[in-house]
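S.K.: Spelled out from the first residue to the last, the chains are:
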Amino acid sequence: MKEVINLPVKNIEEEEYHINMGPQHPSTHGVLRLVVSLQGEIVKSLKPHCGYIHRGIEKMCEKDTYPQIIHLTDRMDYLSAHINNHAVCLLVENALEVEVPERVKYIRTIIDELNRIASHQLWWCSFGMDMGGLTCYFYGLRDREKILDIFEESFGSRLLHSYYTPGGLMMDIHPDFQKNVKAFIKYFRKKIKDYDDLLTGNMIMQLRTKGVGFLSKEDAISYGVTGPSGRASGFSCDVRKHHPYGVYDKVDFKEILGTKGDTFERYMMRMNEMHESMRIIEQLIDNIPAGDYTAKMKAVLKLPAGEYYQRVEASRGELGVYCISDGNKTPYRMKFRSPNFSNLSALDHISRGVKIADLVAIGGSLDYVIPDIDR
Amino acid sequence: MDKATLKERILGLVPDAEFQENKQFLTFIIPPAKMHDLSLRLKSEVDLQFDYLFCLSGVDMVKFLEVVYHLESTTHKHQLVLKVRTEDRVNGAVDTVCDIWRTAELHEREAYDLMGIRFNNHPDLRRFFLEEGWVGHPLRKDYVDEVNIVEL
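If you read the protein sequences in the order shown, they are chains A and B.
If you read the first sequence in numbering that gives the first Met the number 0, its first letter stands for residue 0, the second for the next number, and so on.
If you read the second sequence in numbering that gives the first Met the number 0, its first letter stands for residue 0, the second for the next number, and so on.
Some hints could be false.
Where chain B lies over chain A, by a calculated footprint (3+ residues, C-beta under 8 Å) [claimed, not checked]:
(1) 49 to 58
(2) 233 to 244
(3) 296 to 307
(4) 329 to 337
Hints were generated in silico from the structure; no laboratory data involved.
No residue lacks a Cβ here, since even glycine has one placed at the ideal position from N, Cα and C.
Take the sequences, apply the hints, and build the full model.
M.R.: In C-alpha cells:
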C-alpha cells in the first residue's frame, strides 16, 4: 500500500505575494518595473521602480547652452517632442524678452497640435493592444505615418525633430505643408470613425474599462495628475486655456472635461481631444501670416540672472521647466516637471483593489512614456 | 487674490518669512520649522486654497541646499513659490509635505536621490532613480564622477 503524504495546504487566497511587472513587459510601454502586492488576483499595493533609462538630463543641461538643451528635451517624452522643445524655447524667449514673429507662433501651434494627434494615435493603438485588440495597432500606426511624413518633408526627421530654436524655427516649412496638412485632416476625420467602431463601441472593452480605476477630482489635484488623465476626473488643468502661449488665445477650442474619472473616461478624453486638435489646426492652417521664420537672436544666449518657469501642455499633461540662471550661457539648475512623473505617483492609489488584468488597462489609460519619468 | 494682498496674507501667517524679488511668481523663503504648519494652512484656508503643488525641486546653491515649492490654487488661480533652506549638507532635512500634497511623495524621493536632501516623516524615503548603495548625489555641484561625466 502506498504511503499517503499529507502536505500542508496553504490558502493562497489569503496569502499576500509579490510579482514583478517589468522592466521588460509589453504593458509598461518601456522599461518600468512595478512591484505589485497581490492577494489572489487583487492588487493590494504597488511600488514603481524607476531609473532603468535615467540619463541625467538635468545634470547634462548644466553643461549645455540653451540651444543645445533643446536637443535633450526631445528625448524626454519623445512622443511630444515638439511640445517639449516649445517649452524651452518659450522659456528662453520670455527671459530675453524677444518678440517672436507671428508666423512662427502659428506654425508652432499647428505643429504642436499635429504632434498631439500623432501621440494620441500611438496611445490609441497601444491601448487597444493592451486590451487584446491587435488590429488597433495597425490602424493607429497607419494614420500616424501620415503625420510623420508631413514632419519628415518639412524638417527631415520623424521622431526627434529639434525643429524649434530659441527665437523661431530651424527652417521654413515645406511649400506643400499646408496642402498636406489639409489633406491629412480630411483623411483622418473619416478614419477616426473607424477607431470608434473598432474600439470605443466595443462591448468587451467597455465592460473592462467602465467603473474601473476611479480617480476623484480631489485626488487628481493632490497627486498632480494633469493632461487628459486629470481632465477625466474633472480637474480643469489645460495650460493652453489657463496660461495661453503660441496663438491658443486666438483660436476657439473646448477644454474637454470629464466627470466620471474611470478608465473609460480617460479613454474618451483623448478621443475627443483629437477632434479638438483638428479643429484648432483647421482654424490656423489657412491663416499663417507671411514673414520671417525666426527672430534675430544673438549668437551666444545668456539669460539674465534669476529664476524662470515655463508651463506648456504636452500631450500627457503639464510640462514645467524651472530654470535658475546665474547670467552665464549655461543654466545653473534646470528642472523638468514632467507630466508622466506626477501621473505615475497616482498609479498606486488608483489601482488598489482592482484585478491584475485591470492594472494593464489603467496603465494604458494613464499613457505613461518611461523616458519622461526617468529623464 | 492679487499679488499685493497675497503678500500681506502670507506675511501675516509667517511674519519671519523673507520676501524674494521675482518677476513671475510671489516668492518667499520660509524658516524650515514653520513650513509644515504653513502648508497645512495654505491648503485649508478658504481664501488661499493652494491645493495643487505643480513642481517641487531640490537646488544646490553651494552655501545651502534649497527645496522650491511651486503652488497654485485651482479655485482662485493664484500662484506662490515657497523656498526652504538647509545649510547642513550631510544631515540637512526639511519636513515632508506629502501628507498635504500627495504628489510630493515621488518628488521628494527624487530630491533625496539626486540632491541628498532628507525629508522628515516621509513614509518611504529611498533612492528613486539610482540603486541603493550609490555613493553621492549627482545633481550636487561638488559631485565628482570621473567615469561617467566627461569634462570638455
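S.K.: Indicate, hint by hint, whether the structure satisfies it.
M.R.: Taking the hints in turn, this is what the structure says about them:
1. 49 to 58: holds (count 6)
2. 233 to 244: holds (count 4)
3. 296 to 307: As far as the segment 296 to 307 of chain A goes, the hint holds, because 3 residues have Cβ atoms under 8 Å from chain B.
4. 329 to 337: Holds: 3 residues of the segment 329 to 337 of chain A have a Cβ under 8 Å from chain B.
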